[in-house]
Every structure is written in structure tokens, then in C-alpha cells.
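Could you put together the complete structure from these sequences and hints?
Those protein sequences? They're chains D and H, same order as listed. Numbering follows our numbering, in which position 109 of the first sequence is assigned residue number 373; successive positions increment by one, without gaps. Numbering follows our numbering, in which position 388 of the second sequence is assigned residue number 423; successive positions increment by one, without gaps.
Errors might be hidden in some of the hints.
For each label pair, taking beta carbons as the anchor points, the in silico distance ranges come out as [unchecked claim]: (1) 304(H) with 272(D): 52 to 62 Å; (2) 289(D) with 345(H): 27 to 37 Å; (3) 351(D) with 91(H): 42 to 52 Å; (4) 310(H) with 336(D): 51 to 61 Å; (5) 540(H) with 272(D): 24 to 34 Å; (6) 341(H) with 300(D): 41 to 51 Å; (7) 344(D) with 333(H): 27 to 37 Å; (8) 279(D) with 135(H): 12 to 22 Å; (9) 269(D) with 447(H): 42 to 52 Å; (10) 501(H) with 430(D): 48 to 58 Å; (11) 472(H) with 317(D): 15 to 25 Å.
It is worth saying that the hints were derived from the structure and are not from the lab. Glycine included, each C-beta is placed from N, C-alpha and C at the ideal position.
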Amino acid sequence: MKWLPENPNTRLTVKLTAIVSFMFVFAIFIMPPMYDAFCEITGLNGKTGDQYQAVDVKIDTSREIKIQFVATNNEGMPWQFGPEVKTVTVHPGEQTRINYLAKNTTGRDMIGQAVPSLIPYKAASYFHKTECFCFNQQALLAGTEAVLPMYFIVDQDLPEYIKTITLSYTLFDATDRFSKEELLSMAEAGPVTLTAEQ
Amino acid sequence: MAHGPAKGITRWLYTTNHKDIGSMYLWFSFAMFFLGGIFALVIRAELFQPGLQIVEPNFFNQMTTMHGLVMVFGAVMPAFVGLANWMIPMHIGAPDMALPRMNNWSFWILPFAFAMLSSTLFMQGGAPNFGWTFYAPLSTTYAPPSVTFFIFAVHIMGASSIMGAINIIATIVNMRAPGMTYMKMPLFVWTWLITAFLLIAVMPVLAGVVTMMLMDIHFGTSFFDAAGGGDPVLFQHVFWFFGHPEVYIMILPAFGIVSAIIPTFARKPLFGYASMVYATAAIAFLSFVVWAHHMFTVGLPIAGELFFMWATMLIAVPTGVKIFNWVATMFRGAMTFETPMLFSIAFVILFTIGGFSGLMLAIAPADFQYHDTYFVVAHFHYVLVPGAIFSITAGVYYWLPKWCGNMYNETMGKMHFWLAFIGLNVTFFPMHFSGLAGMPRRIPDYNMMFADWNMISSVGAFLFGAAQVMFLYNVIATIVSGKKATDEVWENPEGLEWTVASPAPYHTFSTPPELK
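As C-alpha cells, then:
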């Protein structure tokens with residue numbers, strides 16, 4: 265390589281510095297996306313996928329899957345937050361709506377972010393959400409409450425041995441991430457934008 | 036051409052001489068060793084009895100964190116770099132390091148890094164208290180404000196290590212005397228060459244992981260924050276991708292040191308030189324594919340648990356090759372037991388014990404019991420104290436007469452060895468038992484049932500600490516008033532460093548040596 269310096273020590277230093285820079289970039293910009301992709305493929309961290317485009321499929325009435333809903337508040341999150349019903353039974357391929365209820369019990373306007381996690385991990389890639397409040401942040405003015413809907417379909421290809429799926433939402437306080445104006449416009453737009461109402 | 040060192044303080048500030056810089060690294064590491072040792076003794080004093088006696092739990096956590104950080108980055112790593120500075124040019128017949136000015140810089144930023152890290156102890160909210168592994172979100176969301184100083188200190192230490200590593204690689208690749216082929220290099224040079232590549236590969240990852248923390252804390256990103264779509268487990272993966280090679284960074288140069296010492300005192304050439312080189316390379320390679328054995332309990336899939344379990348156990352093979360080579364070197368040798376040899380033999384025996392408890396921890400299903408207990412503490416102290424610390428001590432006793440021209444006090448050296456050996460085993464062996472019984476790490480209080488083992492451990496720790504004071508005294512006494520050492524120091528030792536005068540002149544091998 266002609267552009268490298270003549271002095272062998274400087275040459276080697278340049279090459280080694282290039283490795284160092286690459287490893288730094290690798291750690292910050294390559295490892296996290298790789299990890300996310302890996303988890304998405306394997307469903308390892310129980311994260312469910314992004315919005316799913318419903319496809320027309322037959323509902324498999326021969327199977328019944330029990331879906332349990334759980335809600336947790338992360339530390340320092342004072343909202344009342346929980347599912348309207350704790351359990352529903354669905355057939356694979358059938359779109360179902362369930363509601364979570366959230367109430368901002370505090371005297372200040374806040375933004376919450378729900379993060380899903382699902383067990384068994386193997387089911388994560390078979391649990392499709394066509395619409396979910398967890399896709400966006402939820403702004404609630406002081407003392408207000410909202411119904412947070414979620415539409416889901418369990419895939420027909422769900423492995424036979426899985427009879428029960430537990431979906432958990434942890435609600436985090438995300439108020440600090442947004443400005444006052446953003447909060448107000450978010451609250452005005454309503455708790456969720458529903459595109460899959462059908 | 037031959038001129039001596041400059042006078043006064045500027046000699047040390049401006050020096051580009053590998054011997055001066057090596058000495059500064061070693062003294063710095065010695066100071067950090069005592070600082071980290073004091074932190075350890077605070078921990079052991081608190082754990083002498085159940086209940087809280089001496090320190091607050093939060094301060095206890097600061098002590099475990101600072102002890103780990105100071106020992107790993109302040110004591111062990113600079114000591115190896117110091118030995119590399121002193122010995123590598125003399126081992127390969129080079130006049131100095133390849134990049135002397137960078138050498139000066141890579142040393143002089145270290146005291147600032149550790150001054151910054153230590154200053155956090157006096158800050159509001161206290162020093163970092165999240166363990167030396169600084170798992171997020173403990174080190175991000177729940178960290179004391181001083182975490183930012185910790186992050187920049189780690190950045191500086193990383194920069195220093197990377198510069199040191201580049202310098203060592205450049206020296207070994209470009210500065211060998213004519214005829215010094217790769218497979219003729221002493222093993223200390225070989226192990227350091229491989230270690231330097233490990234440093235180049237993983238120190239930037241450490242810098243990356245603390246940078247991600249910095250951005251999560253101050254710039255609103257969410258690498259490790261679940262609320263923003265991040266994942267705290269990602270932290271553990273990135274950290275241990277650095278962390279596992281890091282533990283080999285702290286042991287490979289030790290292999291090189293004992294591989295120099297054992298043949299001298301067994302009066303036989305090293306058994307299996309080539310296999311030692313390949314085994315070191317194999318260990319270094321495997322160190323990149325075993326990181327998740329530190330996190331068996333985070334919820335890995337079965338396939339992952341099995342892969343990391345087997346890959347980890349595979350490391351026992353090249354390590355076993357080395358252990359057997361050292362034993363074979365001693366076998367039927369005309370052995371004598373001077374202090375460096377005592378430390379080296381203790382290294383072989385105790386490091387093997389640490390290796391075996393490592394194999395136990397590698398068994399994924401069994402690890403669920405051992406995880407985060409004192410069994411883990413016993414394991415890594417058995418590989419690090421007799422591994423890194425004993426080998427550095429052995430190296431200091433072995434080469435000190437060459438450095439300062441005076442012989443150390445053999446009786447005191449042996450006493451240091453036996454006190455350290457007994458102290459170490461009394462401290463760390465009982466931790467296997469308290470750990471198996473379920474005593475958790477990093478907790479200032481414990482159940483009554485662990486009281487006896489902890490009391491024994493604490494007694495051993497103070498004994499070990501006292502032994503090190505004796506070491507310091509012996510080193511100073513040797514330099515100030517030791518008996519004159521011969522140029523060869525030992526009986527027919529192998530290596531170019533013994534062909535120069537004792538003390539080694541300020542400039543050695545200004546003309547390349549003739550190799551037989």
C-alpha cells in the first residue's frame with residue numbers, strides 16, 4: 265500500500281490504530297444492532313416484533329391458546345396500569361382486541377412507555393400485533409385516564425406444545441425524554457392512533 | 036553516543052528510555068497494589084464478623100468496586116507493561132522500544148487516570164459502587180454522579196493500554212536483533228506479543244461500552260435502557276466480550292515469566308517451547324468465543340449454554356499443555372528453590388487449583404448454584420493472585436538484581452513467599468466453602484452460618500497484606516544497600532538480558548548482539 269508511511273514503525277502503528285478504531289466502531293455501532301437482530305430472529309429477550317400486517321388466513325378453531333396479560337410499573341412510575349381482563353382464550357389466526365387501562369394519578373403531565381416481554385421465548389415470533397399502544401409513547405395529562413388497546417393474532421404455525429402465552433408490559437416513565445410542547449401535542453392526539461380498527 | 040540519564044525530575048518526566056519508563060510503570064503498579072490492597076482490607080475487616088461494624092453498606096460497595104478496578108487496571112496491567120518495557124528490548128536485543136515518545140505518554144497519562152478515579156471517593160454521592168463489572172442499569176440509571184469521572188478514567192486507562200500494546204507489537208515485529216527469529220524469541224516476548232493483540236482487539240470495546248454508558252447517562256440514548264427500547268443484557272454481552280479476553284491479558288504474560296524462571300532453577304531447557312507458543316495462541320483465540328459463560332443465568336437458550344460451556348472447557352486443553360510442560364521442565368531437573376522459583380512453583384500449583392474451580396464454574400447447570408457466590412470470588416482470586424501477582428513477584432525477584440545491580444535478601448524473600456503463600460490460601464480457600472454454602476458476593480453482611488469461614492479469610496487477608504509490606508521493604512533495601520550482584524546473577528540463565536552488566540547500563544544493545 266503506497267499511501268502508508270515509509271518508516272516500518274509508523275506503518276505498523278497506522279495499521280494497528282486502524283484495528284483499534286474498527287473495534288471501537290464495532291462495539292458501539294455494530295454489536296448493538298447485531299444483538300437486536302439476533303434477538304429478533306430467536307425471540308430471545310422476549311421482545312415481540314413491530315407492527316404486523318394482517319394476512320388473510322383461516323382461523324384454526326381446533327386449537328385454543330390461553331393468553332395471560334401482566335402489567336408491571338417500573339420503579340418510580342406512579343400510574344395505575346393494568347389489563348382490563350387477565351386472561352383470554354383465542355384460536356390461532358383470529359384477531360383479538362384487548363385493553364389495558366392507564367391512569368395518571370399524579371398532579372403533573374407525564375409520558376409513559378410500555379415495553380413488552382413475552383414468555384415462552386419460543387412463542388415470541390408467533391405472536392403478532394397489528395396495533396399496539398406499546399408502539400408509541402402515551403401522554404396523559406395530570407389526573408386523566410385512557411384505554412389502551414392492543415390487537416393481536418397468534419400465528420397458526422405456533423408450535424403444538426405451546427398452550428399458554430404470557431405477555432407482560434412494563435410501564436416506564438419517559439417524561440424526561442420529551443419537551444413540554446411534544447407532551448401536549450401527544451396528549452391532544454389522544455392516547456393511541458388506531459389504524460387497525462376493524 | 037553513550038550518555039547517561041538527565042538529572043532531576045525532568046529525567047522522569049521527559050524520559051523516552053525503556054528502562055526508566057519500565058521502572059516508573061513498576062513503581063506505579065506497586066503503589067496501586069497497596070492502594071487496592073487497603074481497599075481489600077477494608078472489605079475483609081467489615082466481613083470479619085457478621086453484622087455491620089466498620090463501614091456503611093454503600094461505602095462497602097465502593098470498596099469492592101474500587102478494589103477490583105485498581106487491582107485490574109492499576110496494579111496488574113501496568114506491572115506487566117512495566118516488565119515488558121524493561122525486558123522485551125533486552126530479550127530481543129533491541130536498543131529501546133520502537134516508539135519511545137509514545138511510551139512516555141502512555142505511562143504519564145496513567146497517574147492522571149487513577150488520580151481521577153480515586154478522587155471520586157471524596158465526591159458527593161461517593162465513588163462508583165456498582166462493582167468493577169459496572170453492569171447497567173446499576174451503573175447508568177442508579178449510579179452516583181461520580182460515574183462520569185469513572186468513565187473518563189476508564190477511557191484514559193484504555194488509551195494508555197492501547198498505546199502500550201501498539202508499542203510492544205511494533206518493537207517485537209520490527210526491532211529484533213538479526214537472527215532472532217520468531218521461534219527463537221523468549222516466551223515472555225511471545226506471550227506479550229499475543230497479549231498486545233488481545234489488548235488492541237478488546238480495549239476499544241471497553242472504551243465503546245463506557246461511551247455507550249456516557250451517552251445513556253448524559254445524551255438521552257437508550258443502549259441499555261429498556262424504557263427507550265434498549266436492553267441491559269446487551270451491556271453484559273459487550274462488557275464480557277471485552278472482559279473475557281481481559282482476564283487472559285492478565286495471565287498470558289504471567290505464563291511467559293514462569294516459562295523464563297522455571298528452566299533457570301530446574302537447570303533444564305524449557306520443555307515443549309513450540310507447544311507453549313501454540314497453546315498461548317490457542318488460549319487467546321478461544322478467549323473471544325467464551326464470554327457468555329459469565330452470564331449463564333441471564334436466560335440464554337440451551338444451544339447458547341451448551342456452546343459456551345463446551346468452548347470454555349476447551350480452554351483447559353491448551354492450558355493443560357502449559358501446566359504439563361512446566362512440570363516436565365522440572366522433572367528430573369537439578370532444582371534449587373530460590374525465591375523466584377518458589378513463587379513460580381506456587382504459581383503452577385495454585386493456578387491449577389483456580390483452573391479446576393473454573394472448570395466447575397464452566398458447567399452451565401452447576402453454575403446456577405455458584406453464580407454470584409463466594410465460590411466465584413475464590414475462583415478468580417486463585418487465578419489472579421497466584422497467577423498474576425505471584426508471577427509478577429517472581430519476575431521482580433528474578434530480574435531485580437539485573438535492574439539495580441544488587442542482590443535481594445534471600446532469607447527475607449523466602450519469608451515473604453511463605454507468608455504470602457499461607458496468607459493467600461488461608462484467605463481464599465475457605466471462600467470455596469462459604470460460596471458453595473451460598474454466601475453471596477458484594478454484600479457487607481452475612482448469615483451467622485458463614486461466620487467461621489469469613490473470620491479465617493479475614494485473618495489470612497491481613498497476613499497476606501503484611502507479607503507485601505515485607506516485599507516492599509526487601510525491594511527498597513536491595514536497591515539502597517543490597518550486596519553487589521554478578522552479571523549473570525543466576526547459574527547459566529538463558530537469555531540476552533544476562534549478557535549485559537548488572538545493573539543494566541542505561542543503553543543496551545546500541546549495536547545488535549551476536550546470536551549464537
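Taking the hints in turn, this is what the structure says about them:
1. A hinted range of 52 to 62 Å is violated for the C-beta pair residue 304(H) and residue 272(D), which are about 32 Å apart.
2. Between residue 289(D) and residue 345(H) the Cβ separation comes to about 31 Å, which falls inside the hinted range of 27 to 37 Å.
3. Checking the proposed 42 to 52 Å range against residue 351(D) and residue 91(H) shows it holds: the Cβ atoms sit about 46 Å from each other.
4. Under the hint 51 to 61 Å, the C-beta atoms of residue 310(H) and residue 336(D), about 55 Å apart, fit the expected range.
5. At roughly 26 Å, the beta-carbon separation of residue 540(H) and residue 272(D) lies within the given 24 to 34 Å, and the hint holds.
6. For the pair residue 341(H) and residue 300(D), the supplied restraint of 41 to 51 Å is violated, since their beta-carbon distance comes to about 23 Å.
7. Under the hint 27 to 37 Å, the C-beta atoms of residue 344(D) and residue 333(H), about 31 Å apart, fit the expected range.
8. Taking 12 to 22 Å as the suggested C-beta distance range, the pair residue 279(D) and residue 135(H) conforms, at roughly 20 Å.
9. In this structure the supplied range 42 to 52 Å holds for residue 269(D) paired with residue 447(H), their Cβ-Cβ distance being about 51 Å.
10. Look at residue 501(H) against residue 430(D): about 56 Å separates their beta carbons, and that is inside 48 to 58 Å.
11. Under the hint 15 to 25 Å, the C-beta atoms of residue 472(H) and residue 317(D), about 55 Å apart, miss the expected range.
Of the hints listed earlier, those the structure fails to meet are numbers 1, 6, 11, in rising order.
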